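Taken in sequence, the protein lines are chains R and E.
In terms of the numbering used here, the first sequence opens at residue 1 and continues consecutively.
In terms of the numbering used here, the second sequence opens at residue 606 and continues consecutively.
Be aware that one or more of the hints could be misleading.
[Said to hold, decoys possible] Restricting the straight-line Cα-Cα distance to at most 27 angstroms, the calculated cross-link-like pairs of lysine-lysine (DSS-like) are:
no., chain 1, residue 1, chain 2, residue 2
1, R, 121, R, 206
2, E, 722, E, 812
3, E, 722, R, 571
4, R, 373, R, 357
5, R, 569, E, 722
6, R, 571, R, 581
[Claimed, not checked] Covered, in the sense of this in silico footprint (three residues per stretch, anywhere, with C-beta under 8 angstroms from a C-beta of chain E), are these stretches of chain R:
no., segment
7, 390-402
8, 441-455
[Claimed, not checked] One side of the interface only, derived from the structure: several residues of chain R facing chain E at Cβ under 10 angstroms:
no., residue
9, 246
10, 248
11, 483
12, 539
13, 549
14, 558
15, 560
16, 562
Because the hints were derived from the structure by calculation, they are not lab data.
All of these numbers come straight from a predicted model, not from anything done at the bench.
Note that beta-carbon positions come from the ideal geometry of N, C-alpha and C, so glycine has one too.
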Amino acid sequence: MRSLLSFLPLIIPSVLVSATEYHEQLNLRPLPLSALLASFNFRANTSIADFEAQNFRLFPRSLGQILQYAGTRELHLRFTLGRWDAESWGTRPWDGTKEGGTGVELWAWLDAETDQEADEKWLTLTNALSGLFCASLNFIDGTRTIRPVVSFQPEGDHPNTTLDNTRLLHGVLPHEVVCTENLTPFLKMLPCKGKAGIASLLDGHKLFDASFQSMAIDVRPICPSEGECVLQLEQTVDMVLDVDRSKRPHDNPIPRPPPGRDLICDTSKPYHKPDDSCFPVDHLRGQEWTLSQIFGRTMKGTCPLTDSETPPVCVHIPSTRDIFSSEGAHEIKYPNNDSLRCYHIEQEKEFTLILTKPEVPADGEAASLGIVKPETPVLYAERSFTGHGQEHGGVQAILTNPGDDTVEFVYMESLPWFMRVYLHTLSARISGSSPNTNTTTEIVKQIYYRPALDRARGTQLELLVSIPPHCTVFLTYDFEKSILRYTEYPPDANRGFDVAAAVITTLEPKAMNIRTTSLLLYLPTPDFSMPYNVIIFTSTTIALAFGGLYNILVRRMVGANEAPSGALKDKVLGFVAKLKKKKTAVAAVAAGGSVTPATGKTGAK
Amino acid sequence: MTLQSKVGVFAGAALLRLVLSTAFPSLPDLLTGRVEISTPVTSFKRLQEGLFLYSHNVWPYDGGVFHQAPLLLPLFSLLPDVEAWPIFTSLLYILVDLLSAYALLVIADSGEAGQSKHFASPRRAKRSSGLLVAAAFLFNPYTIATCIGRSTSVFTNCAILFAIAKALSGSPFNAMVAISFASYLSMYPLLLLPPLVLLAYDRQSEKRRVDSAIQFSIRAILIAAVCISLLLAMSFALTGNSWDFLARTYGIQLTLSDLTPTVGLWWYFFIEIFDSFRAFFLAVFWLHLVIYVGGLSIRLRTQPLAVLTILLGIFAVFKPYPSIADTSLFLAMLALFRHLYPIMRYTYVASATMLYATFLGPAFYHLWIYAGSGNANFFYAITLVWSLGQSLFVSDLTFAVLRDEWEVERPEMVGKEIRQI
Chain R
1 MRSLLSFLPL
11 IIPSVLVSAT
21 EYHEQLNLRP
31 LPLSALLASF
41 NFRANTSIAD
51 FEAQNFRLFP
61 RSLGQILQYA
71 GTRELHLRFT
81 LGRWDAESWG
91 TRPWDGTKEG
101 GTGVELWAWL
111 DAETDQEADE
121 KWLTLTNALS
131 GLFCASLNFI
141 DGTRTIRPVV
151 SFQPEGDHPN
161 TTLDNTRLLH
171 GVLPHEVVCT
181 ENLTPFLKML
191 PCKGKAGIAS
201 LLDGHKLFDA
211 SFQSMAIDVR
221 PICPSEGECV
231 LQLEQTVDMV
241 LDVDRSKRPH
251 DNPIPRPPPG
261 RDLICDTSKP
271 YHKPDDSCFP
281 VDHLRGQEWT
291 LSQIFGRTMK
301 GTCPLTDSET
311 PPVCVHIPST
321 RDIFSSEGAH
331 EIKYPNNDSL
341 RCYHIEQEKE
351 FTLILTKPEV
361 PADGEAASLG
371 IVKPETPVLY
381 AERSFTGHGQ
391 EHGGVQAILT
401 NPGDDTVEFV
411 YMESLPWFMR
421 VYLHTLSARI
431 SGSSPNTNTT
441 TEIVKQIYYR
451 PALDRARGTQ
461 LELLVSIPPH
471 CTVFLTYDFE
481 KSILRYTEYP
491 PDANRGFDVA
501 AAVITTLEPK
511 AMNIRTTSLL
521 LYLPTPDFSM
531 PYNVIIFTST
541 TIALAFGGLY
551 NILVRRMVGA
561 NEAPSGALKD
571 KVLGFVAKLK
581 KKKTAVAAVA
591 AGGSVTPATG
601 KTGAK
Chain E
606 MTLQSKVGVF
616 AGAALLRLVL
626 STAFPSLPDL
636 LTGRVEISTP
646 VTSFKRLQEG
656 LFLYSHNVWP
666 YDGGVFHQAP
676 LLLPLFSLLP
686 DVEAWPIFTS
696 LLYILVDLLS
706 AYALLVIADS
716 GEAGQSKHFA
726 SPRRAKRSSG
736 LLVAAAFLFN
746 PYTIATCIGR
756 STSVFTNCAI
766 LFAIAKALSG
776 SPFNAMVAIS
786 FASYLSMYPL
796 LLLPPLVLLA
806 YDRQSEKRRV
816 DSAIQFSIRA
826 ILIAAVCISL
836 LLAMSFALTG
846 NSWDFLARTY
856 GIQLTLSDLT
866 PTVGLWWYFF
876 IEIFDSFRAF
886 FLAVFWLHLV
896 IYVGGLSIRL
906 RTQPLAVLTI
916 LLGIFAVFKP
926 YPSIADTSLF
936 LAMLALFRHL
946 YPIMRYTYVA
956 SATMLYATFL
966 GPAFYHLWIY
976 AGSGNANFFY
986 AITLVWSLGQ
996 SLFVSDLTFA
1006 VLRDEWEVER
1016 PEMVGKEIRQ
1026 I
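Next up, chain R with everything else stripped away, as it sits in the complex (with noise of 0.2 angstroms):
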């Protein structure tokens, strides 16, 4: 029942010890129903000195310069794909410091004296790492950017001095896909490049076949109270596989109902008849893999250059039940932590886990699933949008404390400039309390907003929000969806528009991260197909207006009997009578050369 932090006071003290250092560790939690959780940890550390005289050895120098280059002092970057499903998995890895909202999500501390020069390095530092991480960070532009006042606390240790000629600026893309061309750059970054330790199992087949998956990249300063201050950077990655859909392809591809026979039946539902009718219990089996299986390959060896005392693969499960490692790994038990077992490897040899089908299916709930329980978070957000058609709409966020004490927590927003925002119409209310009690004042503390401006900057909005134990609150507020200009769509306009997660930092009783899912805002549409059109009718009805009004004004009244016969129709008629009198002489002519010396004769009297 510990969570996966409590082990990590064992690693972090031999890390700050020496300057120059690397590990990495993985950790493999199985959660119910078939989820199983790698988190991937790599760290590295270099002295700021070393740094300095860009003497790089196990950080990268792509990054390194990069980061002095934008001034750069703290970097959070973060690439998430999927949902943590907190319902069944329960507290976020890490707290949720390591994760970001789907899509990409950036931020940093910048050295810059004023706001214009903080912006002018952020762009140069979005361009430089949208460059090395293959992903669009260069259209983070400043409606995608804000300035954070409350939800983000640096997490390295800087001097009060330098802090205050720093500024903070975070970015998102939650449109961004992220995919196998991003970890490629990820796993250049390792010491190891992802040929051997555990990065050799990160696989972009299975890395983005997960149903959650969120690779951090961290910088930070880090200064023990005694020795010099080191630059850490900590990569990780979080997945969650299903242990199902990860072991398909080796032995059915396709995938196909099994066989009647196979089925393994819950024999205590009342509708169960054999071989008739059958409630699968499949998922109550508990798991059983291996780690070639879920990964598709297995482990080569540990990276050289890790700390040999930090053992390399963590597995979370109770002590009952068994697993079994590949020859020459050994096994770590802790006496404070029986849920836990840790494995030391021998370099260069391959390594592979076995964790076999739990024996005898026990009674109660987590412990039939042979698993360790999930802990409870300390709160469950959600966030949807509300109301119905293109013009209006809400967005209602529902934020839940299922513990016994109050939880207090930064609620933080940046949305799109095209959603405007009415933040009169914000309110929060307590479930079972009626929608018309204003509760507002008592659970929203403090309200920091910037609002959008168009095409420039997006709404920047943070609440300080406060809980009471195992209530519900519906936190509300209204927009409006602008119309753009036919320009400004993206080519699949309908799909609609992305609009980032909410990013809630707690604060009591303990601080962690939580972000909402991204949401889809569909915005009203103009017809792409007609600009021509449009602008041949406006410009049509403005020219008849304006040509109609014209006439009347600088043209003379005259009775209708007095105009000359200037007009059309006169001019029309003129031209046919003519027409038909040219026609009776061409006919007199051709009607034969008798008539012609008739005619002369005439003359001729």
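Once you have looked at the hints, place chain E on chain R.
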């Protein structure tokens, strides 16, 4: 026209509005949300947002939602909270509507529509009574919807009507102050200044008469300029010594950066226009709006009130963010020219077109925005029809005014068919 009937009309109109907004408590919010009533520069919901930010020490002009004049903020912050006490806001709007109607009454009773200083219509005997004009304004559904929808254009309309009424009653100073208020609130009434100065010049009181037209107009324009500068200076002080509000209130009308649909012609045109031509067409559209002022003032020099009416009609069609509030003002002024109705040619076609657009507009908007079974072209088409119908009204009125003028020199042509060459 007794005092009793006056009180009856005014009280009836006030009661009707009060009953509508109290018996249907959701009606004001529904109407506030309609694009036909609320434009980005007059919407009450945006005003509420501005007020909320203002009272919580966030500068509303540092955001993209609030585009209305700064002095509205302290005015509305004096009122009790509209969520808790909607009745006070309703009362304020009803009062403003009644004031507008009173100004109309004064305008109609002055008889200026039929007989100005330099021109007397042969049909002037058949003039509309002031009470009828006021009632036509007060019971016009467009006016009622605007009042209940709490669009801030009612303040502009009231200021314009007062400016005209004051000019007619021989107090140019008050007229200039009123038109400055209107211009400060909405900017476009500034274009009414030339005909209004002419009107005030024609109707000066005998006591303080200025004979030189140039001297008079310089004086009037100076008064207006000083008054507007004072209002802008007050706004400057009010918004924390910054000129940001200029770009947010008047700048947005000049650049049309907010493309929210309205009943006008601008929004869809500037959604669809190619980016490289945007600035050019903005200039063309504004120039188009401005050129009528000079031409009409010169051609109809003898009838400044007719110029004002025609201009208001043109603005209701061609200004950047028009709404039915502007149409209601034009229709109210149109009622003054009852003696010209017999010589208007397309009254039936124009009013049928406007009715058609009034009923189909909301339906097509629903199809586009809510049902999803129509696209933006549906609503765009209906705004085209609306604009055409209204511009037909405007040109028809112009024709009637000119024919009326012409028949003074050609009395034998009354009732005969005529032609323009």
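Status of each hint after checking the structure:
no. : hint             : in the structure
1   : 121(R) to 206(R) : violated (36 angstroms)
2   : 722(E) to 812(E) : holds (17 angstroms)
3   : 722(E) to 571(R) : violated (44 angstroms)
4   : 373(R) to 357(R) : holds (17 angstroms)
5   : 569(R) to 722(E) : violated (41 angstroms)
6   : 571(R) to 581(R) : holds (15 angstroms)
7   : 390-402          : holds (count 3)
8   : 441-455          : holds (count 8)
9   : 246              : violated (40 angstroms)
10  : 248              : violated (39 angstroms)
11  : 483              : holds (5 angstroms)
12  : 539              : holds (8 angstroms)
13  : 549              : holds (5 angstroms)
14  : 558              : holds (6 angstroms)
15  : 560              : holds (4 angstroms)
16  : 562              : holds (8 angstroms)
Hints 1, 3, 5, 9, 10 from the earlier list are contradicted by this structure; the remaining hints agree with it.
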